[in-house]
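Peer 1: If you want the building blocks of each chain, they are given just below.
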Amino acid sequence: MHPFQYQRAESTDQAVAAVAQNPGATFIAGGTSHVDLLKEGVHRPTLLVDVSALPLQQITPLAGGLRIGAGVSNTAAAYHPTIQQQYTAVSEALLAGASVQIRNVASMAGNPLQRTRCPYFRDPTQACNKREPGSGCAALNGYNHVHALFGASTACIATHPSDVAVALAALDAQVQTSGPTGPRTIVFPELHRLPGTTPHLDTVLAHGELITSLDLPAFAGRSHYLKVRERASYAYALVSCAVALEMNGQTIRRVRVALGGVAHKPWRLHKMEAMLAGQVPTEKLFRTAADAAFADAKPLAHNAYKIPMGRNLLVRALLETSGLRPLAGPAGTAFAASVGGMAGQLAGPR
Amino acid sequence: MGRPLLQAVQTGDLAPDGVLPSGSPLSSLRGQPVILAFAPDEWNPMLAHQSTIFARLSQEFGDGAAFVDTATDDWQSLDCRSTLAAQFGVAGQRALFLLDEQGVVRWKTVVSPGQDLQSGQVLTALEALYTSPVTADNEKAASGGLSRRTFVTATLAAAALLLLPGCGSSASDSHTVETAAAGTSSDQVPVVLTINGLSHQLQLDPRVALLDALRENLHLTGTKKGCDHGQCGACTVHLNGQSALSCLTLAVMSQGKNITTIEGLAQGDKLHPVQEAFLQHDAFQCGYCTPGQIMAAAALLQDPHTPTGSAVELREAMSGNLCRCAAYPNIIAAIQAVQRA
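Each protein sequence line maps, in turn, to chains L and P. Our numbering applies: residue 684 is where the first sequence begins, and numbers increase by one. Our numbering applies: residue 815 is where the second sequence begins, and numbers increase by one.
Hints may contain errors.
As the list claims (entries may be wrong) - Quick list of in silico lysine to any residue cross-link-like pairs, SDA-like style, CA-CA up to 25 Å:
no. : chain 1 : residue 1 : chain 2 : residue 2
1   : L       : K722      : P       : C1041
2   : P       : K1071     : P       : T1008
3   : P       : K1071     : L       : I742
4   : P       : K1071     : L       : T709
These are computed hints drawn from the structure, not numbers from a lab.
Build the full structure now, drawing on both the sequences and the hints.
Peer 2: Laid out in structure tokens, this is it:
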């Protein structure tokens, strides 16, 4: 591990100033992902500014919506009654991710800022433009089974790993930040970047810009998160899907859909959303929409399996959200959010 | 009157002759390499984890060397308050000496009371010592070097030494224990940790994970290092009553939190119900993941949110704790027994 100094921030302003004035500085909150990157030598900061004790730990009502403080733990957010009932996809995404131990410590702002799980990024002996700009991409002609279908570049084919980021993107959450040039608001789908020629930049956040809260706008529909993993629990998504659905009688008033595990950011399906608006939900409609959504997917050597998997997942998530198919477990839990494995076993004898 | 007491024997010196607990002179072991481990007399080599390591040492060393042993053939350390310890200049200290066939000290390490032996430090010393390439398994290396077997054995012996409790005054005499890490770097910072109700003042590099501070600095080795990357759960502790991974938590960031380790779970001699249930239900085989499993389960039973009403829900909630022996059915049975009680 590269040597670093450590400093506990006394206030948001002080934290921002401490990082902004030092190019080698970075924030640390829960550290559940960050400490691992320090150990791997992927992150090599010279100063860690600890923001975990800042008073950003509250969940408060906000103009029909909800403000989640940046430092709220994943556990506290997942089991918050309003989130579980009104923003179900957020709870489902959180509880289908990581383990109890990690969720207890990981922060809500830190979770969407996780770095990719691309194995080449995490191995400093491999070429990786995200870790070391200009060094190349070992994944491009490597074993790229967990890599992107959409929006990739020749510089980087990594995917974004966060589950909850996908749910927040579907719900159009707003990111409040405090930075060297003052506060600003970023709409969630615009927080993360596509790799282009600058894959070392995951987000639009400036150096020293600190997320202070995630704001969920008012939402009266149903939302749902569904995830496919390589094992029953405690694994990153191969493909995942978040749906936020608002009905008008028997027809879809508005639906927002984001995919996880297929791009460098939560991948919103705007064209499909427009196509579904005003329609009566049926399996045939969803199947047609899903086929169209994946028509422009660009598979790599080892990830073409994600296309049928993603199409089927998308159809199932839409069916479950619209009530045409029952959830695999209680809404707002990991069981509703998981495909295979333990999902569905709850129905059996206890 | 011979060698003055407390003048430490140096590498390259001919080892002083002295009387072993068996009554034989140390020089009677000439002709084979010898490892001398000095430790407190309360150390009991028959404790399971210690005897396992010494059995392994015995195997590695084969017939080419000897530990100082008793008539019962049990590997045993030498009392650090014995005359022999004084003759080696290490009275009251944890120390390890490696003697070659001629009785010359080839390597030594001493851990003063209140100090820690860092495993990295030992390995660096051993690597420096191991100067000659391995030519063939079990073959003596060129002059001055150690054979691979000796090197392996010395490494294991050093590892064994790390497990020995501190010599001199007992740490439990005081509620505040000062521990200075060996090989101090200029970047160390004061860190105060509250562990199992006791406050510990440490000087730590900010890079030190809570797991390593517990194990290496405070000798609370019940918390296990499995993967060291947050994938296995062996290092699970409680932070303010909630389960957390000590390998992904910097020690310096754990200040001000109530840290509970497996050592702090029992109430005196009365085991925690989860510990008792793991025994009753045979919820382990090798036992390495067990402290983490128990800590995760104990926190879960106090957790007002995570659903644990069925075996499936328990399995989901315990999915952060891996068990390579696959004792999962018994682990779930043990937790359910506590729930029913």
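Peer 1: Please go over all the hints and tell whether each is borne out by the structure.
Peer 2: Verification of the hints:
no., hint, verdict
1, K722(L) to C1041(P), "holds (12 Å)"
2, K1071(P) to T1008(P), "holds (7 Å)"
3, K1071(P) to I742(L), "holds (22 Å)"
4, K1071(P) to T709(L), "holds (23 Å)"
Against the hints set out earlier in the document, no violation occurs for any number.
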